[in-house]
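Chains as they are written, first to last, in my numbering: chain A, 826 to 1115; chain B, 826 to 1115; chain C, 826 to 1115; chain D, 826 to 1115; chain E, 826 to 1115; chain F, 826 to 1115.
Be aware that one or more of the hints could be misleading.
Same chains, same label: a pair holds when it works inside one copy or across any pair of copies.
[As the list claims (entries may be wrong)] Simulated pairs of lysine to aspartate or glutamate, EDC-like, Cα-Cα distance not exceeding 20 Å:
(1) K1107 / E1021
(2) K931 / E1113
(3) K861 / E910
(4) K1114 / D924
(5) K931 / E950
(6) K931 / D883
(7) K1114 / D883
(8) K861 / D980
(9) K931 / E1067
(10) K1114 / D885
(11) K1106 / E910
(12) K931 / D885
(13) K931 / E867
(14) K931 / E910
(15) K931 / E941
Everything labelled a hint here was simulated from the structure, so no lab data went into it.
Owing to the predicted nature of the structure, the values given are computational and were not obtained by experimental measurement.
6 protein chains.
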Amino acid sequence: MAQPPQPLPAYAGFQHFVVTSPGPLVAHVEIHRPAKLNAFHEAMWLELRGVFRQLSCDADVRAVVLSGAGDRAFTAGLDVTAASEGGPLSEGEGAVVVDGARKAAKLRRHIAEFQECISAVERCEKPVICVMHGIAIGLAIDISCCADVRVCARDARFAVKEVDIGLAADIGTLARLPKAVGSQSWVKDVCLTAREFGAAEALAVGFVSQVHESKAAALAAAVGTASLIASKSPVAVQGTKELLNHSRDHTVEDNLRYTGVWNAAALQTNDVAAALMSGLKKTRPTFEKL
Amino acid sequence: MAQPPQPLPAYAGFQHFVVTSPGPLVAHVEIHRPAKLNAFHEAMWLELRGVFRQLSCDADVRAVVLSGAGDRAFTAGLDVTAASEGGPLSEGEGAVVVDGARKAAKLRRHIAEFQECISAVERCEKPVICVMHGIAIGLAIDISCCADVRVCARDARFAVKEVDIGLAADIGTLARLPKAVGSQSWVKDVCLTAREFGAAEALAVGFVSQVHESKAAALAAAVGTASLIASKSPVAVQGTKELLNHSRDHTVEDNLRYTGVWNAAALQTNDVAAALMSGLKKTRPTFEKL
Amino acid sequence: MAQPPQPLPAYAGFQHFVVTSPGPLVAHVEIHRPAKLNAFHEAMWLELRGVFRQLSCDADVRAVVLSGAGDRAFTAGLDVTAASEGGPLSEGEGAVVVDGARKAAKLRRHIAEFQECISAVERCEKPVICVMHGIAIGLAIDISCCADVRVCARDARFAVKEVDIGLAADIGTLARLPKAVGSQSWVKDVCLTAREFGAAEALAVGFVSQVHESKAAALAAAVGTASLIASKSPVAVQGTKELLNHSRDHTVEDNLRYTGVWNAAALQTNDVAAALMSGLKKTRPTFEKL
Amino acid sequence: MAQPPQPLPAYAGFQHFVVTSPGPLVAHVEIHRPAKLNAFHEAMWLELRGVFRQLSCDADVRAVVLSGAGDRAFTAGLDVTAASEGGPLSEGEGAVVVDGARKAAKLRRHIAEFQECISAVERCEKPVICVMHGIAIGLAIDISCCADVRVCARDARFAVKEVDIGLAADIGTLARLPKAVGSQSWVKDVCLTAREFGAAEALAVGFVSQVHESKAAALAAAVGTASLIASKSPVAVQGTKELLNHSRDHTVEDNLRYTGVWNAAALQTNDVAAALMSGLKKTRPTFEKL
Amino acid sequence: MAQPPQPLPAYAGFQHFVVTSPGPLVAHVEIHRPAKLNAFHEAMWLELRGVFRQLSCDADVRAVVLSGAGDRAFTAGLDVTAASEGGPLSEGEGAVVVDGARKAAKLRRHIAEFQECISAVERCEKPVICVMHGIAIGLAIDISCCADVRVCARDARFAVKEVDIGLAADIGTLARLPKAVGSQSWVKDVCLTAREFGAAEALAVGFVSQVHESKAAALAAAVGTASLIASKSPVAVQGTKELLNHSRDHTVEDNLRYTGVWNAAALQTNDVAAALMSGLKKTRPTFEKL
Amino acid sequence: MAQPPQPLPAYAGFQHFVVTSPGPLVAHVEIHRPAKLNAFHEAMWLELRGVFRQLSCDADVRAVVLSGAGDRAFTAGLDVTAASEGGPLSEGEGAVVVDGARKAAKLRRHIAEFQECISAVERCEKPVICVMHGIAIGLAIDISCCADVRVCARDARFAVKEVDIGLAADIGTLARLPKAVGSQSWVKDVCLTAREFGAAEALAVGFVSQVHESKAAALAAAVGTASLIASKSPVAVQGTKELLNHSRDHTVEDNLRYTGVWNAAALQTNDVAAALMSGLKKTRPTFEKL
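Take these sequences, add in the hints, and give me the full structure.
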């Protein structure tokens, strides 16, 4: 990656995200507001949804890497200044006595749309590998919980920060983090105290599955993994992502039934023959677009 | 904690539990039957429910620490002697041929009430940090699985002991332990063999999230964590507990929807403004009672 | 185990599995096709179901050990050569234009039966301890996820191999593995890349709960654990397995209710009295067949 | 019922409910505030819970009839005057700017307790037959949806009245009514418009299963049905209620599994032999208390 | 049907069921123990499972009619005499004090297998139309609830009879009946009282969807409907049955997702083109075996 | 309605739907392709989503009526000619051997989007009353099942038509119809046979809740009901719709919990006071926009 790859033209219209292709069939999405520690305002999460919806349908992409621009932060989360000027966090104040039910309806719609934007990362049909470094707090946890694989640099400083600004995290962390790691005692600890935790602790509890020396090393490893995934049958890879996501929220029996129906179509592919053949011949198979 | 705090007057009526306040807005509940290794008989679990129901509504409490009195045990679990004299464990014997269905109805109601008493710890709206030391077997596991955070002293000796007295644990361990830790192979191992495991193993699998040198150190750390939690917005903290508990038993999608409705009211609080302001001013915010 | 135990006569009719009894009330099932790395063809998984259905009802068996014959492999998974000659993996090819819906129906029924055979290990009412060594890929993961406890030898080489042959694993790995271990980042990593992982990694994420120096040592330890389990009340042990399996796919509240109903009958056993008595007398209790 | 039965002494302490026994093993609960159309204030629903908890445990009761005192109303629902003076309906007003989150917490706890009181009717282990006449609106629907069987007099005038006072029904109607009748178009119609509907319409959609000429006739029929139920094995009857309630909120498969476990104990009763014998001998069996 | 059709040779081995083909691709299964009012003993329900498993796989059958032989009864349900001689209903008696837990295990396995046999009717991939006449009580309701369509003769006399013999119905009625009809008040009434109900009442609540003058008329109508169904695309028909069965036990959203995956394969059929073409040409399409 | 109301300017951009306001706060959406019996092609269902998304957010609309233009049909469903030229129904044919898995992926995405468009009617926050007349088949059933209330004219001719064109209905009928009416026997009958049914049958099973003499009468009644709903508190009405929709897919207990949280915010409205006051004063309350 001596020469930074050129932005992909199809994604050039996005303002806050830079999308490049560091290798065949791999896209790299960079949150790009380094001057503000990649903090998010509303236009950014709307755009995030746009980026991942497009990637989900882009037949030239088979795996995605997501990271933050600059040295200091994956993302510092919600841009609190922006939020307190017009968004939901400004709702508590105000001199006017308003109707609480109407305010609640407005807030609920706002939260639902915000959640839906972040969930676009999870709904992307292609695997997403999230690379975290530096400051990675608040929304950083919500977003990374939507990724399939999480890796980080040794300097990463994580926190489920929301209680420190007077609210329960509502964009996905409390829904997904307990299902992403094994120790519920640890989940409660970090969510109730908002305390910082580092790369080693994140690895020990399984929040990330790899820690690397630096952001560059973590990114290189993620691109390597993404390239490996992208070299395989997209029918197999995207089916695997779908079935694993389904399993989280369904019983084993429901998942087995769904899997049987899914593979009844998915096995009608030439990729199996191609994969078996290249296995025998020790060649690299080519798989048709999906 | 050189000087032990005085029992809180509002909780002075309980016989088997001592409730003190080791810090502002923090309650410390001590299981208090040290001569019998804090083993439980029926009056005790009925009282445990009473203690935690009261704490749940007590606006002067924002975090709870739960531990066992004495040096030797958090609790040795069910007082088997008491139980075999009149409770469910005495049902298998008896010379009289009784109606199995009627006996079952009696047992079912007994178990349901027992479960409901222990679940009061989980249902307490305030976070509960459980500190375990010494012997912590049988009911110790059921109870601690209802806590939010589990820490222990290095001398803790745990066991899911029930199969050794001829029964499957039925007060919550088999329901909650598999969802509290990540390794199901380990869960099956300790539940099927009733073998002892220590602090290190408990930490490795995520059953506890901290191990301390001694009971005193563990208690001090728990009080520290509880105090930290108690210093934050109770709207944020109690919402976080509720949403995390909800997430365990619901799909991500259901949890997101519930979260949106929850926060539509919770964000209509002055705590957000107070927290943001004190963040800017580096002051310590004060939050109204909840 | 200097002298290999004799095959149990009641299981002598099976072709691909050797069933012996290494200790009282313990059965040892060996996958027995070492010349082919214990790879599975259709007759084998049909037989696997037969073995475990029989064990489930066999009142002389209270715990089961499952391992693979030979030095090289627990199992290399699906016998791809056999599968590509007539099974589902051969469906993608073929010059004839066939009706995709009808092909799908055939595939769906095939997968459902295959799943049902492997699930017989999970449905066996007696605890199953799976001992893995050497190559343990593909179907090895599906099968071992149905066991209650997983241990391995240091030389074990695991992989969720299916994407490498162009398909999403459909015999249970994607349904059960995410619920067997805590780190979803790790699960996605190994399932999407098909990369190999070893004993240490398997232990770290909780996929196995013990690693031993050699296959022999792992087997000895598993037999020891199985013997310990077999020495306990079968009412308690089988109830524990049932309730833990139920808990995985139900809410805590549903599980507590089910548990109460279950134990309302299970506590009407003489085993409780026998266990308590032998606990007091330091003798070894004997429990009636179940 | 020429002579009104005497109140049962064990229930004499209740202020707003009169409990009599119109026949062997049958209890009749009368909502008793006829001067106010049996409208409910908080003390009444707390007491309703008390009555039904006690009936649930009362071995001398095997079936319950619930009706309203006086000629004019089963119940006119919530006593709006009382509610607007101190309860949740008074929360919208008020000159003081309060913290919306704290107000919400108070309301949520209030609603939860109110729901829990009404649900006591459903949780009563004995079948409950609800007899409705005259005005039966608002809370009348919430309560009757908790009963097992609903019958009414021809003069009954029903309404899901809540939208007319500015709120969505929150004490159970919206949860249970859609599952009690078959036509969702009808459910939405009556819940969204708050329009009145009569006995004939209630019968046509299956909300009630019998319509009688008068309150007296409806009550007599209900007592007749209750007496019939009370004459049967309580093991069979209470098991049937439990399994039907379980079925509403679980899949068929879950219910079958739960049923098997339930009946594994319930069939160990002498009632089956007694029932079979009396069937052969054409005698009336006597069943032991449950 | 002047000439009774010949038994189908492939089903000639069954002792208690006569299987004929009253029209192309239609099978008619007759419960055949008219001398005993078609009452069931264990060998019969085991055989029932065998019949429907075979029909499920039989590519020459696309719709099934199920009825009872003789004039008097669809089926009088469980053969109580046989059951009390060795089955679960004999378990309550007995002079020997036995272990209640072990008896429960035996009963539970017995019930599970009994349930599984009856559920074979529901699991049959082809639609099943159940024709009831005369006595149709107890097991008659369990069985008919597994059918897709229920019709009856005017003389049908139904009852959920189990409470009259001291037990809660456990072979499916309490799981399926509440989901088959709309009025829960009616379901509770008939299940708790065991009272008889006739054809008109069955039609009014939606338990049956047609009532005919006589058994012969009902059978003729059912064969007509079965023939109509059998004339349509089996891909469409069997998919419709599967998706409707799935919908009963899943949320709308889950069902939509499952449906999309199902039809992604099912739409790859020539049947759509064939059906559209024959619609245009007013010809009768022929559909390939499934 | 002598003078047809003018199209609402805000909805003038839609090509296939005419949106007018027949009364205060009421919108009337007319499917407008009468020359083709209002049959749907892809652009239409995409537009349907647009219309209902806009209505959902339009604070000037509190209730919606949906009907079809012209005398002959509510809608004849899918425009099969259009569909067979490029959509999913054309996928079965084709001389080229294609990859079945890739075709399935394309179909699955197509179905998912189609479902999502129709579901917009259900997701609209305002109640929707669907008025059906004449031909109402195929997609007509999918769409009307998303409405809250269904009424029809006497001439309505319904059919779940999909099996007649070789496919299982996949746009919502099989998911929602079984939950909209009470008789599953009837649901299976009409879905498996594709037979026509009329207004009387639709009323008897509860599919519609009113039948009127003519389309005009049905429309007038629907507008009347919509106006009544629109005159009530929108906080109450929209909460009622949300909670009823939630109840369909959740247990009673889950729904009660969700309801409590919902109303904790919704009760903080001035609408309750306004409604109570106008009830006392017999005036018509005015409610603020929501």
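Against the structure, the hints come out as follows:
{"no.": "1", "hint": "K1107 / E1021", "in the structure": "between (47 Å within a copy, 18 Å between copies)"}
{"no.": "2", "hint": "K931 / E1113", "in the structure": "between (46 Å within a copy, 14 Å between copies)"}
{"no.": "3", "hint": "K861 / E910", "in the structure": "within (16 Å within a copy, 52 Å between copies)"}
{"no.": "4", "hint": "K1114 / D924", "in the structure": "between (53 Å within a copy, 10 Å between copies)"}
{"no.": "5", "hint": "K931 / E950", "in the structure": "between (31 Å within a copy, 13 Å between copies)"}
{"no.": "6", "hint": "K931 / D883", "in the structure": "between (34 Å within a copy, 13 Å between copies)"}
{"no.": "7", "hint": "K1114 / D883", "in the structure": "within (10 Å within a copy, 38 Å between copies)"}
{"no.": "8", "hint": "K861 / D980", "in the structure": "within (18 Å within a copy, 48 Å between copies)"}
{"no.": "9", "hint": "K931 / E1067", "in the structure": "between (33 Å within a copy, 15 Å between copies)"}
{"no.": "10", "hint": "K1114 / D885", "in the structure": "within (7 Å within a copy, 39 Å between copies)"}
{"no.": "11", "hint": "K1106 / E910", "in the structure": "between (62 Å within a copy, 18 Å between copies)"}
{"no.": "12", "hint": "K931 / D885", "in the structure": "between (39 Å within a copy, 15 Å between copies)"}
{"no.": "13", "hint": "K931 / E867", "in the structure": "within (15 Å within a copy, 32 Å between copies)"}
{"no.": "14", "hint": "K931 / E910", "in the structure": "within (16 Å within a copy, 29 Å between copies)"}
{"no.": "15", "hint": "K931 / E941", "in the structure": "within (15 Å within a copy, 23 Å between copies)"}
Of the numbered hints given earlier, the model fails none.
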